[in-house]
Amino acid sequence: DAKTTQPNSMESNEEEPVHLPCNHSTISGTDYIHWYRQLPSQGPEYVIHGLTSNVNNRMASLAIAEDRKSSTLILHRATLRDAAVYYCILRDRDNYGQNFVFGPGTRLSVLP
Amino acid sequence: KAGVTQTPRYLIKTRGQQVTLSCSPISGHRSVSWYQQTPGQGLQFLFEYFSETQRNKGNFPGRFSGRQFSNSRSEMNVSTLELGDSALYLCASSLEAGHYYNEQFFGPGTRLTVL
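Residue numbers (this note's numbering), protein chains in the order written: chain C, 1 to 112; chain X, 1001 to 1115.
It is worth saying that the hints were derived from the structure and are not from the lab. Everything numeric in this text was worked out from a predicted model, so none of it was measured. The C-beta atom is built at its ideal place from N, Cα and C for all residues, glycine as well. One should not assume that every hint holds.
Label-pair ranges, simulated between beta-carbon atoms [what the hints assert, rightly or not]: (1) P40/C <-> R1015/X: 26 to 36 Å; (2) D67/C <-> G1084/X: 35 to 45 Å; (3) T1080/X <-> T72/C: 18 to 28 Å; (4) S41/C <-> K1013/X: 13 to 23 Å; (5) R93/C <-> S1070/X: 37 to 47 Å; (6) R107/C <-> G1084/X: 18 to 28 Å.
Kindly produce the complete structure, drawing on both the sequences and the hints.
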């Protein structure tokens, strides 16, 4: 399975944009990039996913490098509620037997 | 629509006992996955059930087992509890199983403490 690497922790100021990087240098052509986050004392929640093109939704944007070996989750205006552990996960489009493999993720702290 | 519910939320057991945790998926979801989360190992996949069949299993000993009922509700059982089984056990449901686009919806978890 292709692996992802993320920084252990990042810090941001409230109301500023946050760019959370993820490296996946061994990504295959059929791997989708998914992001989940886990708020304190809660289960993880889906944030966004994409394949090649940049994606936007109400929570965040996903910017995918042209060679797909890295991606960046963008929170446009961080709030205190965005303090969480963010996980970058690869999901193979053609593998129906796969499970979710969570790495250690990036712990984002948001300062008021 | 109600989210994923897990019962009980907290549990204290002693070594050697067994425990059963329950998960009710979102209505209409047919896949249920279980995860163990510990500070040292992070989130680890236990197993996934779809249509009452185990489709996938993580690297855990046979003391960890599960099942799914016809209404998609799922239970997991841990026998002969060890101290290292103390963890947050998370259940996640999704519409289908295995598809790359599947969004998993997680419950709040059951916090198991083994003394």
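Structure-based check of each hint:
For P40/C paired with R1015/X, a C-beta distance near 29 Å keeps the hint of 26 to 36 Å intact. At about 41 Å, the beta-carbon gap between D67/C and G1084/X stays in the expected band of 35 to 45 Å. For the pair T1080/X and T72/C, the beta carbons lie near 45 Å from each other, so the given range of 18 to 28 Å is not met. In this structure the hint that S41/C and K1013/X lie 13 to 23 Å apart at CB holds, the actual value being about 21 Å.
The hint said 37 to 47 Å for the Cβ distance between R93/C and S1070/X, and at roughly 30 Å that hint is violated. As the Cβ distance of R107/C to G1084/X is approximately 24 Å, the hint placing it in 18 to 28 Å holds.
Hints 3 and 5, counting from the list given before, are not met by this structure.
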